[in-house]
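S.K.: Take a look at the letters that make up each chain.
There are 4 protein chains.
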Amino acid sequence: MSDSSIGKLFKVTTFGESHGRGIGCIVDGCPPNLELSEADLQPDLDRRKPGQSKFTTQRREPDEVQIFSGVFEGKTTGTSIGMIIHNTDQKSKDYSNIMDTFRPGHADYTYFRKYGHRDYRGGGRSSARTTAMIVAAGGIAKKYLREKAGIEIQAYLAQMGHIHIDSVDFAEISQNPFNCPDASKVGAMEELITQLRRDGDSVGAKITVVAKQVPVGLGEPVFNELDADIAKALMSINAVKGVEIGAGFDAVAQRGSEHRDEIFPDGFASNNAGGILGGISSGQDIIASLALKPTSSITKPGMSVNRQGEPVEVVTKGRHDPCVGIRAVPIAEAMLAIVLMDHYLRHRAQNSDVQLSTPAIPAQRPA
Amino acid sequence: MSDSSIGKLFKVTTFGESHGRGIGCIVDGCPPNLELSEADLQPDLDRRKPGQSKFTTQRREPDEVQIFSGVFEGKTTGTSIGMIIHNTDQKSKDYSNIMDTFRPGHADYTYFRKYGHRDYRGGGRSSARTTAMIVAAGGIAKKYLREKAGIEIQAYLAQMGHIHIDSVDFAEISQNPFNCPDASKVGAMEELITQLRRDGDSVGAKITVVAKQVPVGLGEPVFNELDADIAKALMSINAVKGVEIGAGFDAVAQRGSEHRDEIFPDGFASNNAGGILGGISSGQDIIASLALKPTSSITKPGMSVNRQGEPVEVVTKGRHDPCVGIRAVPIAEAMLAIVLMDHYLRHRAQNSDVQLSTPAIPAQRPA
Amino acid sequence: MSDSSIGKLFKVTTFGESHGRGIGCIVDGCPPNLELSEADLQPDLDRRKPGQSKFTTQRREPDEVQIFSGVFEGKTTGTSIGMIIHNTDQKSKDYSNIMDTFRPGHADYTYFRKYGHRDYRGGGRSSARTTAMIVAAGGIAKKYLREKAGIEIQAYLAQMGHIHIDSVDFAEISQNPFNCPDASKVGAMEELITQLRRDGDSVGAKITVVAKQVPVGLGEPVFNELDADIAKALMSINAVKGVEIGAGFDAVAQRGSEHRDEIFPDGFASNNAGGILGGISSGQDIIASLALKPTSSITKPGMSVNRQGEPVEVVTKGRHDPCVGIRAVPIAEAMLAIVLMDHYLRHRAQNSDVQLSTPAIPAQRPA
Amino acid sequence: MSDSSIGKLFKVTTFGESHGRGIGCIVDGCPPNLELSEADLQPDLDRRKPGQSKFTTQRREPDEVQIFSGVFEGKTTGTSIGMIIHNTDQKSKDYSNIMDTFRPGHADYTYFRKYGHRDYRGGGRSSARTTAMIVAAGGIAKKYLREKAGIEIQAYLAQMGHIHIDSVDFAEISQNPFNCPDASKVGAMEELITQLRRDGDSVGAKITVVAKQVPVGLGEPVFNELDADIAKALMSINAVKGVEIGAGFDAVAQRGSEHRDEIFPDGFASNNAGGILGGISSGQDIIASLALKPTSSITKPGMSVNRQGEPVEVVTKGRHDPCVGIRAVPIAEAMLAIVLMDHYLRHRAQNSDVQLSTPAIPAQRPA
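Residue numbers (this note's numbering), protein chains in the order written: chain A, 1 to 367; chain B, 1 to 367; chain C, 1 to 367; chain D, 1 to 367.
It is worth saying that the hints were derived from the structure and are not from the lab. Quick caveat: nothing in here was measured; it's all calculated off a predicted structure. Hints may contain errors.
To be verified - The calculated lysine-lysine pairs, modelled on DSS-like cross-linking and capped at a C-alpha distance of 25 Å, are:
| # | chain 1 | residue 1 | chain 2 | residue 2 |
| --- | --- | --- | --- | --- |
| 1 | C | K143 | C | K212 |
| 2 | A | K8 | A | K143 |
| 3 | A | K212 | A | K317 |
| 4 | D | K300 | C | K8 |
| 5 | D | K75 | D | K54 |
| 6 | A | K8 | A | K54 |
| 7 | A | K300 | A | K143 |
| 8 | C | K212 | A | K8 |
| 9 | C | K54 | C | K8 |
| 10 | C | K212 | C | K317 |
| 11 | B | K8 | B | K75 |
| 12 | A | K8 | B | K300 |
| 13 | A | K54 | A | K212 |
| 14 | C | K8 | B | K8 |
| 15 | A | K8 | D | K317 |
| 16 | B | K8 | D | K300 |
| 17 | B | K54 | B | K212 |
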């Protein structure tokens, strides 16, 4: 099977392989009357695309998105939005070496065993190139949430290899090529990438994504909780091996008296919950983190087998990222936006009967 | 809304509140001709239920499941399986103190703001009591996977507070009241629970769940990958704040040359991937971990507000678990079973056209 | 598989067989704060249940529904509503004659070939008894739509065998045992049923179901149109072989100049469309009709084969309806209610951004 | 919302408007290793496209489909298949007359009220042009079903206005411009179309679609029965107002002893059921019919209102079909193929455990 869709009311379905004719998606469920053009989506696509700095891959993919439908006279019509990015950097190179080889850490073997037939060029459907459509689709959600609901979403690199950030300055994120919110760590990151290039190796990363001004009440009570859907969406990004909400794995060593976020009339005293209680948003910042593995596309030789089961040495040449986490920052934002948009629409479906006199609790107690 | 369903081909839908008439579920999509009776499901329900040892809550809930439909002459018919557990421990006690109070760390506030009306008795729909139906439904999946596909699923407590396990002996798990696979840590865990009882406090836990003999090829390529669905399922368990596949967050500090699991003709050399490559099972053990927060139901007083926005001191009396992770072990197994069952059926839908001559790679290289 | 669910935002999932422990359903997605008790649902269940008049089957099934969850202090909570009807009329009779026989016109053969194992008692899962849960679930939708949206739904018997109604008087429907809106036809219907009893035979029926005061805008533009979902819901009722919207099959012989419903400032001039244009409700009455086949459970002998492929003569003894269409009237209402409720919630999800100054067109031009 | 998807395991999602950049779809769930190229899909697209004979619209739309993904080296890969047809016949004409007018019988009014903003050019999203993607997607299903399962699907025009066919000769269907299986009616149909052209009017049609060699067991028992899904799929085709399975509305006047299809060791004696019993295929031919209304796009003037609620006279100029049923024949085939493909995959998901010794009943008793 395939089942390349995410979302229920705001549903994104994608297609496309790394080296085919192009990639595309259908965004289904965007309400009408949102002002929208390609220019709204291109900036995030540019943040994701390769070749933006010397610290990421030097491949050139213009990634120019075309909106085919669902927008008329500059505004969404409420019907399905089709989008295409044509593939332009399809070098007609020789793939005979990877055609029969299962690169370790890649999906070559699993795709081949699942389907018996695979597009091996550049990873085919398993390529991270497919995340461009997530960024495009998520861009629509981000714009809607920002303009219609006041929700702001921003992600940053929280860790690269052993380099942890010490502080978060949102204004700093766009000021360095790593999407790092802590200016004091940028130098160390530069050094690490340079070293990795030299070693022909790669390193993992941790990204944190934050949504602010999220209304209380998003999320279903059981199985389709907001945190469950966030976990699914973030885990479905290529190379992700872990997801946390709020305190995440640090909660294991916490005491209940420490973890529970006490509430005062002037606001929550802390946010270990990451803005979600019982699967439903609390009005605090939604905070989620994701762990990205180091890419397996490295020039350091590694052992594997071919289709005949014979041992082969693998060296992945080409223009690969030493740390895929850097370019994954807008992808994490897009994914969170898609999930929040979906639950925002779900909530609106049931919400109009609810009349509340109880005062809302401020997201954060004044320091 | 509500949307209390998980799964696509093996779909579980639940209902029920902590103190209502009962809880139940519908398991839809179980193939016919599986031998099944309540006796197959009761052992896991008993592992989950309160009062099993002095280290968990002393509430008494017999949790006797009744199968209403979908089984005839001892075998499943292929039609929907309805199951009920009647609530019997509904003490008609006085809830006036929590009726108007939003307990910190609980879903009281978010449910109230979302719905404007909530069953506050024992947490209502947000109670972990609802996980009994997950265990019952997952029990069907576990049995099917074991008998028809040879897949074995087992979970264990990997960390309690600051106590990490050093080794995993699957035979040990059922020999102590903590589902701990490392006998050398049991004493420390006993002490910790005793201390928490004394302090009126609680602590978090990390559970690891493993599936063995999983066939290659389970999982969709984009958005509905096996790891994405596992992340969603595990995150939807009450109190879970983080999910990892394989190396998880440790992958952040790994090098690519270290993380990628090299392949040799006699098997994979390691399993940092946790058995999933490109979202699709590789035939290696599926390994997932989840972080459970410390329960907020503690006797140590904490501050909160009531429906009028006034400050109140909260003390949660009653019979609560100092570490909810202990009883969550069969829930994690059930959830993984539900996801694997769903993808096993999905795979079967597309699989019959695939003819492979390529030899399968052994899950683990001989040591 | 099974997949016993209908609806997307208002989702109904059922379980149960004719002679098992009981039947039940989960209604997921009902908004909170709807006043609800069993007493709201029982009247429609009583309209459907056997033994209401001498013109339907004389079986006794009290069909008392129990609400297990999702309602607290007399109002819905917004969480999933579990309902059960225990089977009480399970005569422990001898089924050996039908155990191995595939009754013609029944699902015996198809279930057996599909599943290889079936509950043959009273038709098992294929029994029309399962429609009791549709009526219960639809009762919630009907109440919500009536109280919160002003929508009224009513069905009637439009044809029994060759007896067509000439006029529709909604007040007459409940005044005769046939749900017939034309008092002048009641006598002929009585005679026909009496004759059928004598012949050991049965006859088909046509039901028309009407929804009034439906807001403009319900339905999706492509594939999940309001008419498409109505067609699916009505066709899924046992014994239904055809569905029409508005003019239905009469539209085949109409001219475009006749069929198109002209519009005037004081309203639509006709309603050949049945209240749906381009898949979306127009504000006119939703009008749908369904054809029910004559039940195959008759005492007149018929030929069939058994599991061994040998010829057998089939005589269905027992207490069966000569015209199942009579009791299907509340089922048709329930199904339409479920579909409208689902689309009402869908519409609310997208609707709040739409600001319209254009005047609405009255549903029907004054005569 | 929008929700432009149909199918569960074989899922088709479409986008595009009549006069936008193009139309497209994603076919998700096609198994791997099916030989596929655009050339396989073009013949059915050509059967549907305008301008094929003087009896349909003279618009020119080349309707050349491009496969963007999911096919590699001439075979499907099992991943999502993206397809595009660029719009080429977008005359930049003056739409000011219909911009503000709600044409009677069209979706203008309902779209406008639903969304508050609509692409009015050529009907926008509600245009029958969108059915080209159904034909393309259905073409994949037809090919798969034919090659892998031996299922053949063919539709024909069964009635045009008052002209009923008397006999069905499948070989005749492609021999006349009406897809009519009865050569003796072709002359009358020619006359009728000529007359309609003269009158500036249109007429309805009835199409019957047949699937042969369908295996026993396709369809879910409740709510997602094969007939229910067929009804939904066919009703979602533009202009369809009614759907029948087998005897359809004729079943209303039948006796049970006549309608039930008796079974003999050498086969079923009749096929009033249309190949579906209890929602599940019986191995007999699947037979479904659909009623298409006469198009409202006629030159005969009709009354309507504009956005200001003022009366306007509407004359639809342009190149429209006097009988849209003619070109809808391949659409009906495509829709049935999509539904059968979906249920074929569903069935395969559960089927492998079923071992049957019972002999299958031949579809039709020898005459």
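S.K.: Below or equal to 25 Å on CA atoms is what counts here, so check K212 (chain C) against K8 (chain A).
M.R.: Not satisfied, since the Cα-Cα distance of roughly 29 Å exceeds 25 Å.
S.K.: Please work out if K8 (chain A) and K300 (chain B) have their alpha carbons no farther apart than 25 Å.
M.R.: Violated, because 41 Å separates the two Cα atoms, which is more than 25 Å.
S.K.: Hinted pair, alpha-carbon criterion (25 Å max): K8 (chain A), K317 (chain D). Please report holds or violated.
M.R.: Judged against 25 Å, a Cα distance of about 40 Å means the pair is violated.
S.K.: What's the verdict on K8 (chain C) and K8 (chain B), does the C-alpha distance respect the 25 Å limit or exceed it?
M.R.: 13 Å, holds
S.K.: Taken at face value, is the distance from the CA of K54 (chain A) to the CA of K8 (chain A) at most 25 Å?
M.R.: Roughly 39 Å between the alpha carbons, so the hint for K8 (chain A) and K54 (chain A) is violated.
S.K.: K8 (chain B) and K75 (chain B) were given as a pair; does the straight-line alpha-carbon distance stay at or below 25 Å?
M.R.: 22 Å, holds
S.K.: Given the hinted pair K8 (chain A) and K143 (chain A), is their alpha-carbon gap at most 25 Å?
M.R.: At roughly 19 Å apart (the allowed maximum being 25 Å), K143 (chain A) and K8 (chain A) satisfy the hint.
S.K.: Take a quick look at whether K8 (chain B) and K300 (chain D) sit within 25 Å of each other, Cα to Cα.
M.R.: 50 Å, violated
S.K.: Would you check the hint for K143 (chain C) and K212 (chain C), treating anything up to 25 Å between C-alpha atoms as holding?
M.R.: Given that 25 Å is the threshold and the Cα spacing comes to 14 Å, the pair holds.
S.K.: Is it true that the CA of K300 (chain A) sits at most 25 Å from the CA of K143 (chain A)?
M.R.: 42 Å, violated
S.K.: Are the Cα atoms of K300 (chain D) and K8 (chain C) separated by 25 Å or less?
M.R.: 41 Å, violated
S.K.: Within 25 Å, alpha carbon to alpha carbon, are K54 (chain B) and K212 (chain B)?
M.R.: The hint is violated at about 32 Å.
Going through the hint list in order, the structure does not satisfy hints 3, 4, 5, 6, 7, 8, 9, 10, 12, 13, 15, 16 and 17.
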